[in-house]
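K.L.:
Here the protein sequences line up with chains H and Z, keeping their order.
Count the first sequence with the working numbering and you get residues 125 to 301, in order.
Count the second sequence with the working numbering and you get residues 125 to 301, in order.
If you're looking for bench data, these hints aren't it; they were derived computationally from the structure.
Just so you know, not all the hints are guaranteed correct.
For identical chains, the list gives no copy identity; a pair is met inside one copy or between any two copies.
Straight-line distance between alpha carbons at most 30 Å, and here's what the computed BS3-like set of lysine-lysine pairs gives [what the hints assert, rightly or not]:
no.	residue 1	residue 2
1	LYS205	LYS155
2	LYS250	LYS280
3	LYS165	LYS250
4	LYS155	LYS250
5	LYS211	LYS250
6	LYS280	LYS155
7	LYS165	LYS211
Source: prediction; values computed, not measured.
Number of protein chains: 2
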Amino acid sequence: MILGAALDELGEAGYGAFSIESVAERAGVGKATIYRHWRHKLALIADAFRMLQDEGDPELVTGTPREKLERVVRHVAQVAKHSPFSKCLPALIDAAERDPELRTFHRRFQAEARRPLIVLLEQGIKSGDFPRHLNAELAAFSLLGAIFFCRLMTSKPFDPDRARELVDVVLGQRPTG
Amino acid sequence: MILGAALDELGEAGYGAFSIESVAERAGVGKATIYRHWRHKLALIADAFRMLQDEGDPELVTGTPREKLERVVRHVAQVAKHSPFSKCLPALIDAAERDPELRTFHRRFQAEARRPLIVLLEQGIKSGDFPRHLNAELAAFSLLGAIFFCRLMTSKPFDPDRARELVDVVLGQRPTG
């Protein structure tokens, strides 16, 4: 409950104005309770993001490499369209620019979050399911980038129903179906 | 000089802490001078960004559609790697989340900035230089997205020398040269 309140506070107030007092109020607990577990706001925010990461990634066991890839891209688009993570992202990006510790956390967290997608691309390239000449990391940047570009720089989030079309662009294939 | 100082202030302080007083100090002028021309900080920041936009876009007259596209992508990568605009981008993204007027400005400014790239893609698709089935806007999101994803979510800006490789991914072509 405290972690959820921390995400709400970060999304609404931003990192600079983030206050433990306000998180305590949102969660209906005393400030002391929070300080007993988290000594400063970064520790609290980091734990809140770890909680998010432990929740719902899509399953990557069944299906062809292409189907798995579309499933991941659709999931990322859904998260970017509407989630506590997406609501906090602008605050994180700005804080990463100003606070070295937050920057280290943000970059490490992002690197871990995109790792499964890169592995999936690497496997598909190796197996010949995806074009052999593709660079997995660059393809991941294009897929994730298109989605987060829409979230951060346009008025319309990327439509999760266009996941297949986006995968087609990056894999260099004609639209199917 | 005042506009340059406004960009420095925005990049370093962020939008919330942005102060006209501090801009005046950076520019070596009185506060009153600034208020005479710009009634509030958004007006000042908007003019500063318009000044940036009027400066150096790459020429789009000579060369094949492919060469022009690479030139634009390389230019965007250079801007994302090192420029006053790039330094201010995290502050803009965060402020757009919290301030409706800044949000309107940010989205309009971004839409104008990517327009030439989308037009270039549309023309190349129409002429058959780029794959016929490509969606110009989605391709632009993938190209720009990869570059800004690296700027905002990773520890390494996108290398402008990889412009051709990125164009290859999105046009679905084998690396050349």
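K.L.:
What are the numbers of the hints the structure violates, in ascending order?
P.N.:
1, 3, 4, 5 and 6
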